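Chain order of the listed sequences is U and P. Just so we're aligned, residue 1 is where the first sequence starts under the numbering used here, counting upward by one. Just so we're aligned, residue 1 is where the second sequence starts under the numbering used here, counting upward by one.
Honestly, the hints are just simulated from the structure, not real lab data. It should be emphasised that the depicted structure is a prediction, and the values quoted were computed from it without experimental measurement.
In silico BS3-like pairs for lysine-lysine, Cα to Cα no more than 30 Å straight-line:
(1) U:Lys-102 to P:Lys-159
(2) P:Lys-76 to U:Lys-165
(3) U:Lys-165 to P:Lys-99
(4) P:Lys-159 to P:Lys-99
(5) U:Lys-165 to P:Lys-79
(6) U:Lys-165 to P:Lys-7
(7) P:Lys-99 to U:Lys-139
(8) P:Lys-76 to P:Lys-7
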Amino acid sequence: MTWLKFNPLHMDVLKEIGNIGAGHAASSLSQILGQPVHMQIPEVRIVSFDELAELAGGAEQVVVATCLYFRGDVEGYMFFLLEERSAWQLAQFVYQQPITAKGPATEQDRELYLSAVQEIGNIVCSSYLSALADFTMLKISPSVPELAIDMAGAIISYGLLEAGKVGDRALVIETCFVDSNHNEIPVDGHFLLLPHPDSYSIIFAALGVSGHGKCSG
Amino acid sequence: MESVLVKVGMADLQVAQSPDRLRTTGLGSCVGVALYDPIAKIGGMAHVMLPNQALSRGDTNRAKYADTAIPLLIDKMEKMGAEPRRMVAKLAGGAQMFKFQSAHNLSIGRRNVEACHQQLRQANIPVVAEDTGGNFGRTIELDTVTGILYVRSVNAGSKKL
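Could you put together the complete structure from these sequences and hints?
Set out below in structure tokens:
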């Protein structure tokens with residue numbers, strides 16, 4: 001089943017996945033930070049490869065990304081992208097250092113900061129996926145998340161390999177965390193979830209939505 | 001004469017002649033193939049995502065696969081006035097960005113590089129330089145005046161090929 005045949009109900013189901021997954025991730029993160037973490041309404045987009053890179057600021061934009069591959073009943077890639085500044089501020093919070101707009105001062109600090117960012121990435125990604133597994137009752141086994149600081153295009157292109165075998169566009173479920181202005185630690189980041197093209201029909205069936213977009217029970 | 005920068009998207013290919021430049025950004029496991037005819041000063045660039053079209057599931061974009069992109073690129077350059085017997089190739093990309101691997105795409109970066117080599121060998125085009133592998137992203141730019149390929153990375157500096 002390709003997204004060419006999706007109707008509004010299918011799109012709503014995929015949005016709900018973004019909502020539940022990122023919602024749990026936001027509450028995990030807000031427990032760590034002791035402050036609310038706000039998220040925007042999820043977007044389900046069908047984008048060209050270059051447009052997908054634009055969602056992350058452009059193919060050459062440097063992003064701090066927690067990346068994982070999941071398999072089981074469904075397969076796909078997940079990326080949690082943080083603005084560099086936001087990543088460093090989260091690390092400063094973890095180490096109870098003053099929150100500044102500056103990044104790590106030394107190479108040693110950088111290593112420390114990265115391990116904190118990695119830990120936060122692990123927590124939010126696993127919250128997202130476990131909420132998704134609970135919601136769909138599907139088995140989802142994630143790989144160990146990896147942290148990459150590199151060009152967005154080089155990172156996200158992994159999520160396109162499977163969609164690329166089918167065509168020149170990909171479906172992505174995007175959920176953004178937004179800074180609510182009043183917080184000590186502004187969290188600017190977003191999730192991109194790219195399911196394997198064969199996984200949609202499994203997700204829909206698990207949630208009782210038929211290929212024709214009718215609810216069955 | 002003012003030189004124009006021609007953008008090559010992901011799973012795309014383009015040709016250009018002196019003094020224009022060809023550029024593709026954010027190569028991870030993808031491979032940037034740059035071909036150059038130094039006499040005609042005509043260049044071509046492909047941003048290859050997958051090694052061969054046999055992997056396609058109904059997709060028809062020839063620029064996406066090493067085994068179809070390279071012949072198409074040679075053909076387009078020939079139509080512009082380049083001659084295959086004078087062409088040289090430079091490759092960049094084909095990284096393994098992550099340790100995790102999907103069963104469908106094991107060592108995809110390395111396989112992309114190998115498929116490019118194989119296709120270029122078949123076309124009798126020598127690979128005169130390459131910056132492939134590693135675990136980092138790259139952006140490349142081909143200057144059709146000189147044939148120099150500029151490779152830029154975030155984590156491993158820049159170099160000229």
